[in-house]
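Peer 1: Place chain B on chain A using the hints.
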Amino acid sequence: MKESNGVHTINQGLESGSKAGYSNKIFTLRPRLSPAEKGSRLFFLICAILAMGQMFLIMVFLFKEASGLFISKPGSPALSLVDFLGRNDWYPTYPDATFGALALVAGSISVALFSTFLATPVGLGLAAYLSCVASQRRRELFKPMVELLASVPSVILGLVGMAVLAPFLQQALNIPTGLNLFNASVILAIMAIPTIASLAEDALSAVPRDIQDASYALGATCWETIWRVILPSAMGGLATAVILGLGRALGETMVVLMVAGGAAQIPNSLFDSVRPLTATLAAEMGEAAIGGRHYQALFALGAVLFLTTLAFNLLAWHLSRRWRGAR
Amino acid sequence: MVKPPAISARSVSFYYGEFQALRDINLEIAKDEITALIGPSGCGKSTFLKLLNRMNDFVPGARLSGEIIIGGVNVYGPQADPVEIRRKVGMVFQKPNPFPKSIYDNICYGPRLVGVKKKSALDEVVEKALKAAALWDDVKDKLNKSAFELSGGQQQRVCIARALALEPDILLMDEPTSALDPIATAKVEEWIKQSKLSIVIVTHNMQQAARISHGTAFFYMGELIEFAPTLTLFTSPKESRTENYITGRFG
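If you read the protein sequences in the order shown, they are chains A and B.
Per our numbering, the first sequence starts with residue 1, numbered consecutively.
Per our numbering, the second sequence starts with residue 1, numbered consecutively.
There may be inaccurate statements among the hints.
[Unchecked claim] Examples of chain B residues toward chain A, derived with CB under 10 angstroms:
id, residue
1, 41
2, 97
3, 110
4, 246
[Unchecked claim] Chain A regions said to be covered by chain B (calculated; three or more residues, Cβ under 8 angstroms):
id, segment
5, 210-217
6, 221-232
These are computed hints drawn from the structure, not numbers from a lab.
Where is the CB? At the ideal position from N, CA and C, for every residue including glycine.
Chain A with its partners taken away, still in its complex shape:
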């Protein structure tokens, strides 16, 4: 008996049925796989295991290297997690080195929040324009352009921040340096806008046409329909877009390394220089002795960053799932 690939055949119960010519037994239907198909399945399985495995190993490595900082050994007293995250004394290269990373965490949070604050209205507005206002032709022109914008290398945006925005800020506001929290946030916002706009546009366009029609047919105006039907339906997706934008700003390294100023201090104003976690890692890893306390502290910063972005992504994932469940 020969079958072509994927054709469903009855694999069981032929024996018992053949006696009487029929049987009341319930059959399970399964596709019969050729050796080539079995081989390719195995190949894809190996790819999946490799991808997940390396992810897992990176995590193990990160936490293993970081853990040294918090475990006491002769010559290197243990640092408590509270001191690490709660104290503002990042002096890793002093003879009596201290590793209180509060200013670095504050730098990351302030830049990420302020850039999201800047990018959210523009990103959502752009999405609303694309999905509700723009004609079909303009949407087809703009949407790929917005998505293309997301692929501009961050170092190029960093150059713009250094060469254009920083001198401008310094002169216009008469401040000591244009390389500061504000500059970094603006550049990061420019980076995050395409991400937010593209995801938010998907969320708005996914609102079914038929419930919009229902709203109009009940005498709602265009504005009322957007406000009462489209926005509530798309809310989960919009929130996901903003959170992923925030996650992107938090993890971005090159821009903050170039334009945030690099001072490890808790900012008092928008025009203070800051030094986010990512910039610290990139700037200091090269000079830290492998296996030393500084090295371990940098890995601990990496672990903090990893866990934070993981938390944001999980939140976004949860929201988008709930949103899909609602519709």
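Peer 2: Below, chain B alone, put in the same frame as chain A:
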């Protein structure tokens, strides 16, 4: 005594861009009666229905000539306000399309748009509309549940109740049972028959038109071929095209 018609269409032609979807339609739809629009796919019956509450306004390149008079006013006249018209002329769609909200909020959507805020007034509207749609007994204990938790037939009756909550003069129904199973269809038909509203219903199903309507209009290729009392149209049509369609020779 002859009642004034609920709707009269006078030499209505309608275009989607260059394509002429309706040709010179003249039709008087009686008040408080059920009028069925039948015809094969693409004949213009749904297009005509959507003209009655200006739902074709959203179609790019839509053009119209002629006039449609509802309640003494030309729906496409310079003074006409589409929002006002859609409140007076309710619509039920082909696929049940409740909002992703509770049953209660679905029914309240229209009244809230016109500014009804008081809880007691809204409660009253919800009960009345759901009773009118013959759904009250099924859902009175779960008004705060999502409308998506109901069966298809119940969802469609939520949509009917939602339209009724605005107390429209006319209800338009665009193949309202085509997505429903036979039992749900029977319930919706039952509701249509006992309602005392002016209803215009587009249907693909000739038996349905015969079962529920007082008058039937047969559309073909954008033209109104014949409009007569339902019994007359189905037993002794004047036009051969009508006869060919209802006897199943085409369509």
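Peer 1: Taking each numbered hint in turn, which are not upheld by the structure, reported in ascending numerical order?
Peer 2: 1 and 4
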